[in-house]
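K.L.:
Here is how the chains run, residue by residue.
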Amino acid sequence: MAVSEVRTKSLSIHRRRRPVMRVVWDQFSSFLFVVPFLVAFVAFVGYPLVYGFIISLHHWNPIAGDLGYTGLGQYATLFNPNSLFGQQFWTGLKNTVLYVVISVPLLLAFPVTIAYLIYRSPLKSLFRSIFFFPTVLSVTAVTSLWSWILQTQGGAVNNLLQAHVPWLVEQPWAWISIDMATLWWTLGFNMIIAYAGFTQLPQSTIEAAALDGAGSLRTFWSIALPQVRPVLAFITVISTISSFNLFAQSLLMTGGGPGSSTEPLTMVIYNQAFNGMHMGSAAAMSYLMALILAIISLVQYRITRERA
Amino acid sequence: MKMDRVKRTISVVILSIGALCILFPIAWMISTALKPLSDAFDGQLIPSHPTLSNFTALFAPDAAGSVARWLGNSLFVSITVSILVMIIDSMAAFALARLQFFGRTALFYIVVVSLVVPFIALLIPLYLEFANANLLDTYWVLILPYTSNAFGVFLLYQFFLGIPKELEEAAMMDGVNKFQLWRRIMVPLSIPATATLGLLTFMNVYNDFFWPLVATTSQDMRTMTVGVQLMAVGQYNTNASLLMALTLCSVIPMVLAFLFAQKQLTQGIATTGTNL
Chain A
12 MAVSEVRTKS LSIHRRRRPV MRVVWDQFSS FLFVVPFLVA FVAFVGYPLV
62 YGFIISLHHW NPIAGDLGYT GLGQYATLFN PNSLFGQQFW TGLKNTVLYV
112 VISVPLLLAF PVTIAYLIYR SPLKSLFRSI FFFPTVLSVT AVTSLWSWIL
162 QTQGGAVNNL LQAHVPWLVE QPWAWISIDM ATLWWTLGFN MIIAYAGFTQ
212 LPQSTIEAAA LDGAGSLRTF WSIALPQVRP VLAFITVIST ISSFNLFAQS
262 LLMTGGGPGS STEPLTMVIY NQAFNGMHMG SAAAMSYLMA LILAIISLVQ
312 YRITRERA
Chain B
361 MKMDRVKRTI SVVILSIGAL CILFPIAWMI STALKPLSDA FDGQLIPSHP
411 TLSNFTALFA PDAAGSVARW LGNSLFVSIT VSILVMIIDS MAAFALARLQ
461 FFGRTALFYI VVVSLVVPFI ALLIPLYLEF ANANLLDTYW VLILPYTSNA
511 FGVFLLYQFF LGIPKELEEA AMMDGVNKFQ LWRRIMVPLS IPATATLGLL
561 TFMNVYNDFF WPLVATTSQD MRTMTVGVQL MAVGQYNTNA SLLMALTLCS
611 VIPMVLAFLF AQKQLTQGIA TTGTNL
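Sequences listed follow chains A and B, in order.
Under my numbering, the first residue of the first sequence carries the number 12, and numbering increases by one thereafter.
Under my numbering, the first residue of the second sequence carries the number 361, and numbering increases by one thereafter.
It should be emphasised that the hints constitute simulated quantities derived from the structure, not laboratory data.
Check the hints yourself; a few may be wrong.
Simulated pairs of lysine-lysine, DSBU-like, Cα-Cα distance not exceeding 35 Å [what the hints assert, rightly or not]:
no.	chain 1	residue 1	chain 2	residue 2
1	B	K538	B	K525
2	B	K623	B	K367
3	B	K525	B	K367
4	B	K538	B	K623
5	B	K623	A	K135
6	A	K135	B	K367
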């Protein structure tokens, strides 16, 4: 009797506690699933973001460490056209923006056109494979082989054209070379995305257009394209971001030259940090660059969203 | 109908010209890799004295670069990151899609933040973080930063949302706990999507240049991608044959992936465009 009474008492306590404990355990065990990701995020994104900002507020040498607090001074320097770092920053930014403005329309027009052509042609698999192939190569493989075929003397391109174009050593050929190599490389990526967009077009729309007497060009421009606008917007945004991050093509193909005319902002930051040892200033530059990129991406996103 | 055929022929012609432009550089890369240096500038697409000596030279003990080591490093790092990412992202995506927990909304924002932060902002602090921990120039620095990639979380989250709830409910009634639910039911169901994630992750890590360039200093720890650049500006700068052979070697793993898993790759890339 006493035992069962005790039992009943303790059971009723447990019955009162159990739902709470169960909920807590339920939540906690669910939370455990995201812990690995959270740890990775905090360790390799969250903490570095804060740490990087702190670094940008100091003179920082990669080996010696903190060399003195500067506050927002290193950011202010970047806006000073008379300072060395300011000039380097704006040269790099100018080069990067120039590259973005040239390359993004190309990276939109060519892949989309080719995707549409493949969509309307036979031999789809073959062409898709061929155009997609360069995308799986690394950027250094691409730049290494394009540097080879663009050699002024004896390069395959000049041999083919029977010309003597100074592809990698003079402007405007230097930028053209970088653009050609990048277009060759990433065309496939954007093409696949555009192609997926086209395959979602209802076949009836295209047929209706043909019945109404629309020519192929008209069908492409006025009917197919508007329907895939979200995909076009997406391609524009990702191409802008990736063009903004131009680094390896300049480093390997032209070394930033001639002069520093093809030196993008990433390269300026890289040189500042690892050759010049001015990590604080480089960090400030990289944060300012990230801010500019964020603003541009946001504006693009808003614009493309509205039109859709 | 005839107009149709004419138009299609024109299409095919245009596409063929484009395809030739794509294949042209690759043909020259292979051609040069198979030529002795003396023939490299002869301007002939088909090598007159084809040879494999460049490839043997690359892997010879007295070679300028540690090509075998680079290849091994790249493969080891890429495969390890792929496996880690598949596990970490699958767990997180499953929790986001199907479980309730404190801070779930915050986690969504964290995933989005993780996707939009540009690498350039993380470059310097990540470098210093690993420098302070004395982990530069090791496999740790080559593997760990990639594990925070949230792309897979997003991809698998979409996938898990699409799995019918009845499956889970049936499993729960059979008395499995959450972990078993994930491991025995969710994971097998998500194999196509997870495999695609693994493949895309492998490609991105294998081909990555900027971070391995900065994170490694000793020749033996370099990855294949960085090794190609080092040799291109260094010892193979004047030896086109060796450089092209090295370049060709560097792309072989991805070419194999392309040949065997092209469908997976293209589908993975296509879904980012239509979902994001």
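K.L.:
So, for every hint listed, does it hold in this structure?
P.N.:
Consistency of the hints with the structure:
A distance of roughly 14 Å separates the Cα atoms of K538 of chain B and K525 of chain B; the hinted pair therefore holds under the 35 Å criterion. Taking the CA atoms of K623 of chain B and K367 of chain B, the gap is near 28 Å; set against the 35 Å cutoff, the hint holds. Between K525 of chain B and K367 of chain B, the direct Cα distance comes to roughly 49 Å. Violation of the 35 Å bound is thereby established for this hinted pair. Taking the CA atoms of K538 of chain B and K623 of chain B, the gap is near 32 Å; set against the 35 Å cutoff, the hint holds.
The suggested pairing of K623 of chain B with K135 of chain A holds, with an alpha-carbon distance near 13 Å, which does not exceed 35 Å. Taking the CA atoms of K135 of chain A and K367 of chain B, the gap is about 15 Å. The hint holds against a cut of 35 Å.
Comparing the model with each numbered hint stated earlier shows that hint 3 is the single one that does not hold.
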